[in-house]
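**Student:** Now for the letters of each chain:
2 protein chains.
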Amino acid sequence: MRFEVTILGSSSATPIYNRNPSSQALNINDRLYLIDCGEGTQQQMLRFGVKASRIDNIFISHLHGDHYLGLVGLLSSLHLNGRKKTLNLFGPASLKEIIEIQLKYSETDLQYNINYVFTDPEKPVVIFENQDITVETIPLEHRIPTTGFLFKQKKRNRKLIKEKIDELNIPIEYFTAIKKGNDYTTNDGTVYKNDVLTTAPEAPKSYAYCSDTIYTEQYFKQISNVDLLYHESTFLNDMLDRAQTTFHTTALQAGQVALQTGAKKLALGHFSARYKTLDDILAEAQSVFPDSELAIEGKTFVIE
Amino acid sequence: MRFEVTILGSSSATPIYNRNPSSQALNINDRLYLIDCGEGTQQQMLRFGVKASRIDNIFISHLHGDHYLGLVGLLSSLHLNGRKKTLNLFGPASLKEIIEIQLKYSETDLQYNINYVFTDPEKPVVIFENQDITVETIPLEHRIPTTGFLFKQKKRNRKLIKEKIDELNIPIEYFTAIKKGNDYTTNDGTVYKNDVLTTAPEAPKSYAYCSDTIYTEQYFKQISNVDLLYHESTFLNDMLDRAQTTFHTTALQAGQVALQTGAKKLALGHFSARYKTLDDILAEAQSVFPDSELAIEGKTFVIE
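Protein sequences, first through last, are from chains A and B.
Residue numbers for the first sequence follow the numbering used here, beginning at 1285 and rising by one.
Residue numbers for the second sequence follow the numbering used here, beginning at 1285 and rising by one.
With the rest of the complex left out, here is chain A (with noise of 0.2 Å):
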């Protein structure tokens, strides 16, 4: 199943020429879904070819602008491009209000539904769930109510061994019960036990979007062992106590987060306009968690 992230946006507030505000595009088993949603967003959509009819699910973290100033004229388009199907929009409450004031204003009436559903970012709960995965806010310590969000594949079936099962001639109406583990006994009573008849499923793939935050342990046991960890790191560790004063995360302590939650992978991201190049950001994170890599636009990260 495809597991992917794309980076539309890799810098913090205020602005710099060639880096946008962040917003992430997950495609999982071809479904795609948002994360967070700056300004310019939509054209990031168009540069790296995410189609943006193509999304039904919007989660935005908080409500400092670099996170969600794309989001009303993303709305806008797909409104003016025909959208007819309901988008979910899951975020802090007062999110419902900042939209609906400007398409008040803009006599914007929309031909689709917009599902509010409002984060709490002060525990974690399941905000959504289907076939595929569930998604899980986790509450992030910042200077504004924020969430950070936890994308989770849902176990899978065991897969079934084809050439046994020809072998055997197991009749097609068992092949469910199998595949969910059970053993399989034949007329005559022989039993053959499920790990004869399947295999392991893939494990589940997990990634967990944490941004933006001061260093906190509070959610390290709810995001361990992520197969990918998005974590801010807004600063170079020279600058821990700008860091601390504005509720945001040091490229070293992202390394921490990493090594300590135990995640596979860490992205990068967020980064201060003060740092033309990010090389000094990913040699630090990389001193303690070497397989850091740099969440800049563009780039994919396929959970394989």
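There's no promise every hint is true.
The list treats identical chains as interchangeable, and a pair is accepted whether it falls inside one copy or across any two copies.
Below, in silico cross-link-like pairs of lysine to any residue (SDA-like), each with a Cα-Cα straight-line distance of 20 Å or less [what the hints assert, rightly or not]: (1) Lys1380 with Thr1392; (2) Lys1388 with Pro1405; (3) Lys1583 with Tyr1301; (4) Lys1446 with Asn1466; (5) Lys1335 with Thr1370; (6) Lys1335 with Arg1558; (7) Lys1560 with Leu1364; (8) Lys1438 with Asp1340; (9) Lys1583 with Ile1449; (10) Lys1443 with Lys1477; (11) Lys1388 with Pro1429; (12) Lys1548 with Asn1302; (13) Lys1380 with Glu1391; (14) Lys1439 with Ile1398; (15) Lys1335 with Ala1557.
Since the hints were made in silico from the structure, they are not lab data.
Position chain B against the provided structure of chain A, taking the given hints into account.
**Tutor:** Chain B alone, transformed into the frame defined by chain A:
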């Protein structure tokens, strides 16, 4: 005196890669004025070397997102970058509510003051004046309340003919009166007519920004004989019906506006995303008004 317009965005509401929504930076006598502020305007300013910190006056034509969705991000960046100086913001009254709700939920307490000046879409009003220019609103006819803006350089003083002034040994305290057109009388009663002492000043320059509007003659008299007319030309004339339904103008009509109002030059913009190339738009306007040009991203119109 420098009087030039740099185009930051040329597209209408639905996005197209490599065209940005409406925004223009005016440089008049080295003061910067921003007209409209579509999403991504900050990136465009960085791209084309327009210094955001030098802008003291922002003019918003109306509350469709493609004309103002970059504004809250810009206001926030000015704050983050330490602005203390008051910013004048001209636009529909509801803009204040839209901005304030977003600052409230992001818990942003701006370090500078915004002086709101609300526009009236029903009649032309001089909304700004300084030593260089006046700015008046142009009532347009669109789906929601909309004004254009007419920038007019003030009438300047006549220029002293230095050689003549020196020859007659005219004392400096008479210069202001002579520049204003007075004659000069010597102590022995000889009168020197003003046109012997001075030459005419440069003609005052003018720029009219007309977006968005249906074709209407209601503002023709107000914008007559401008040096540069920016007029929206969202569609080709084969989509005249669509233009009328959506209260927009075709390229042919934009040419007619320029012709009938005696504009010296026409700048075309606000192009529908359906036009991947703009040659036909330009040709159509030029068929009526030869001195038409495309107002595309990065182009600067210099009024000599």
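**Student:** Confirm or reject each hint.
**Tutor:** Now the hints, each set against the structure:
For a Cα distance limit of 20 Å, the shortest separation of Lys1380 from Thr1392 qualifies both inside one copy, at 15 Å, and across copies, at 19 Å. Proximity of Lys1388 and Pro1405 under a CA criterion of 20 Å is satisfied inter-copy only: 18 Å between copies versus 28 Å inside one chain copy. Taking identical chains as interchangeable, the C-alpha atoms of Lys1583 and Tyr1301 lie at most 20 Å apart whether they share a chain (17 Å) or sit on different chains (18 Å). Taking the closest pair of Cα atoms, Lys1446 and Asn1466 come within 20 Å of each other only inside a single copy of the chain (16 Å); across copies the shortest separation is 105 Å, beyond that limit.
For the homomeric pair Lys1335 and Thr1370, the shortest alpha-carbon distance inside one copy (16 Å) is at most 20 Å, but the shortest distance between copies (41 Å) is not. In the homo-oligomer, the alpha carbons of Lys1335 and Arg1558 lie at most 20 Å apart only across protomers (17 Å), although the nearest pairing inside one protomer, at 32 Å, exceeds that limit. Taking CA atoms no more than 20 Å apart as the test, Lys1560 paired with Leu1364 passes between copies only; the shortest distance there is 18 Å, against 37 Å inside one copy. Proximity of Lys1438 and Asp1340 under a CA criterion of 20 Å is satisfied intra-copy only: 19 Å inside one chain copy versus 54 Å between copies.
Within a single copy, Lys1583 and Ile1449 get their C-alpha atoms no closer than 42 Å, and across copies no closer than 69 Å, so neither meets the 20 Å cut-off. Only within a single protomer do Lys1443 and Lys1477 lie at most 20 Å apart by alpha-carbon distance; the minimum there is 14 Å, versus 104 Å between protomers. For the identical chains of this complex, Lys1388 and Pro1429 are inter-copy neighbours only, at 13 Å across copies versus 26 Å inside a copy, given an alpha-carbon limit of 20 Å. For the homomeric pair Lys1548 and Asn1302, neither the shortest alpha-carbon distance inside one copy (29 Å) nor that between copies (37 Å) is at most 20 Å.
Proximity of Lys1380 and Glu1391 under a CA criterion of 20 Å is satisfied in both settings, with 16 Å inside one chain copy and 17 Å between copies. Taking identical chains as interchangeable, the C-alpha atoms of Lys1439 and Ile1398 are never at most 20 Å apart, the minima being 29 Å within one chain and 54 Å between chains. Taking the closest pair of Cα atoms, Lys1335 and Ala1557 come within 20 Å of each other only across two copies (16 Å); inside a single copy the shortest separation is 28 Å, beyond that limit.
Hint check: violations occur at hints 9, 12, 14; the rest are consistent with the structure.
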